[in-house]
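There are 2 protein chains.
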Amino acid sequence: MNAGEDYKALYDDYLRKVEAQLEQIVKYKKPESLYSPFHYLINGGGKRIRPVLTMICAGAVGGNPDDALDCGVAIELLHNFTLVHDDIMDRSPLRRNRQTVHEKWNEATAILTGDVMVGFAYSLLPTTSQHPRSDEIYKAFTRGLIEVCEGQAYDMDFNEKKDVSLDDYLNMIDKKTAKLLETAALIGGNIGKGSENDLNSLQTYANCLGIAFQVQDDLLDLTAEQAELGKKIGQDLFEGKKTFLIIKALEKAKNENDKKLLNDFLNNNGLKDESELPKMIDLFTRLNVFDDAISFADTYFEKAKNSIAILKANQYIQMLHWLIDNLNKRRK
Amino acid sequence: MNAGEDYKALYDDYLRKVEAQLEQIVKYKKPESLYSPFHYLINGGGKRIRPVLTMICAGAVGGNPDDALDCGVAIELLHNFTLVHDDIMDRSPLRRNRQTVHEKWNEATAILTGDVMVGFAYSLLPTTSQHPRSDEIYKAFTRGLIEVCEGQAYDMDFNEKKDVSLDDYLNMIDKKTAKLLETAALIGGNIGKGSENDLNSLQTYANCLGIAFQVQDDLLDLTAEQAELGKKIGQDLFEGKKTFLIIKALEKAKNENDKKLLNDFLNNNGLKDESELPKMIDLFTRLNVFDDAISFADTYFEKAKNSIAILKANQYIQMLHWLIDNLNKRRK
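Top line first, the protein sequences correspond to chains C and E. The first sequence begins at 40 in the working numbering and counts up by one. The second sequence begins at 40 in the working numbering and counts up by one.
Take every hint as true, because none was put in to throw you off.
Which copy is meant is left open, because identical chains are indistinguishable; a pair holds if it fits in one copy or across any two.
PhoX-like mimics (lysine-lysine), calculated; alpha carbons at most 25 Å apart, straight line: (1) Lys178 / Lys232; (2) Lys232 / Lys342; (3) Lys201 / Lys69; (4) Lys311 / Lys291.
Worth flagging that the hints you see were computed from the coordinates, not collected in a lab. Please read these numbers as outputs of a predicted model, since none were measured by experiment.
One chain only, chain C, in its complex shape (with noise of 0.2 Å):
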């Protein structure tokens, strides 16, 4: 077996005890037309990335990654409570080839079944007589709250501008995207009570994992099969949203044909039917922008590996380095 194989085990090992623990959060728990939708909710499935580093991270600082079970499901569910809510936001019908929770029950279930689970999540992080980091823990959770919801807030800022820069789009993913990661590194190092340069090498691996993680999710939006998305693909061109792709071909776009097509975009807050989805992958196809993201996402991908160069090797940081390894082949 190969240390591929090894790791792969362990990712496996550590997704059936954050499964086990999902499973059991909310059963048996009253009333039924709240915690049937948020059983639904966070048990479908999914590479359940946030609560897995938050337990390599613990064991990257010289913890036990066990130890930062609850911490991890926890940040699994501050994350499933941004995703029912911004489908709301997004009207976006799937998630994961199942119904979104607003569109199987109605948009107030979705809107209290996330609000009732921030209240679950905070209920799992440590007190003080459990670990001595809590108040480092809960400030990092709160602090990632609050990002969180600013970077939805730029996000859907972003559906009214029609000149968003790359630097717009940088400073929006890192709150939406980056910042939960970063969380959970940051509170999985707590756990694991490491130092903090630890942390900070923790913590900078993490936001460029996120920011790869999304504008590589930017390029799988249109490179994907839709059975491996979980949704339509071009969801993000119908929805308007100004990805990487978009933001780049408005950049390099020169000829008229082109920046018509970018400006009807634009105006029309999206790709109007499924006849415009073509032009436009053409169009990105001709101005290198599919290639673009791919070797933006490596160079996070690669300051990933290097932040955390400085940390005493383990096994677990030579998890963190097959992690990346792993989630840069999603687009290949």
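Position chain E relative to chain C; hints supplied.
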């Protein structure tokens, strides 16, 4: 100056401190699309009974009320988070004589404003180094968040349910209204380092206050002046809410006309037009349910007073008595 005036002056002093802190919380924060509705929401005035109660309860057990200001503001934020989300779910256009956030902006903004507010609320709770009871405070706060969501879920369940009993109703308002007042009392009592007995008394006080307060609110929906109420007279009935008055009327109605009016209310999920309002008010008057509500609220106000009789007397305990008498005046 009599004692009542003293307490009024003290209440106003606490209120000013709460308002001043609320005013500062999101000043100059970005993005404006998020923090401008946040500022609007929390600066709409009101009695601020939750933060003031938090402060009084700290004093009641021998602590300094000012030490409980941050926690009180945290609870006020949590309360406002529930208001902004409930208003979306109930499609309420007005709150305290002003447009609700989802009306003035839009639903997505209102969802996100509530969400980020929870983060700001948590960030105001004391760390371990700031207060030895930080664990208890966090725990009470999170419990409050979860239960207030459960209360709202029960309330929404009532929309679909025709046979809501008085017990169902009391369980719902216990969670939806009383719980957050209990949270305020419990956290204030912890800030003041009250004994377990102190905390139990204060919690019972706040619970009874909350129950009485909600029944009184149900009554005021029909008996208050619109300007005082800050929303349309009879709004609960137009929204089809199963209030104390409706439930009591359903219990007591004997003649067929009365039963038909109530059944129409149930079947149509509320009053269909303005012309039905006087008929319903007439029905309530004939069945004496207004008096039932008054005497029910009185019983709970009295229970609240009795629950703090065992506490060592001081001016803050007296103020808790005054507070009840003052709230009890609302309907007269």
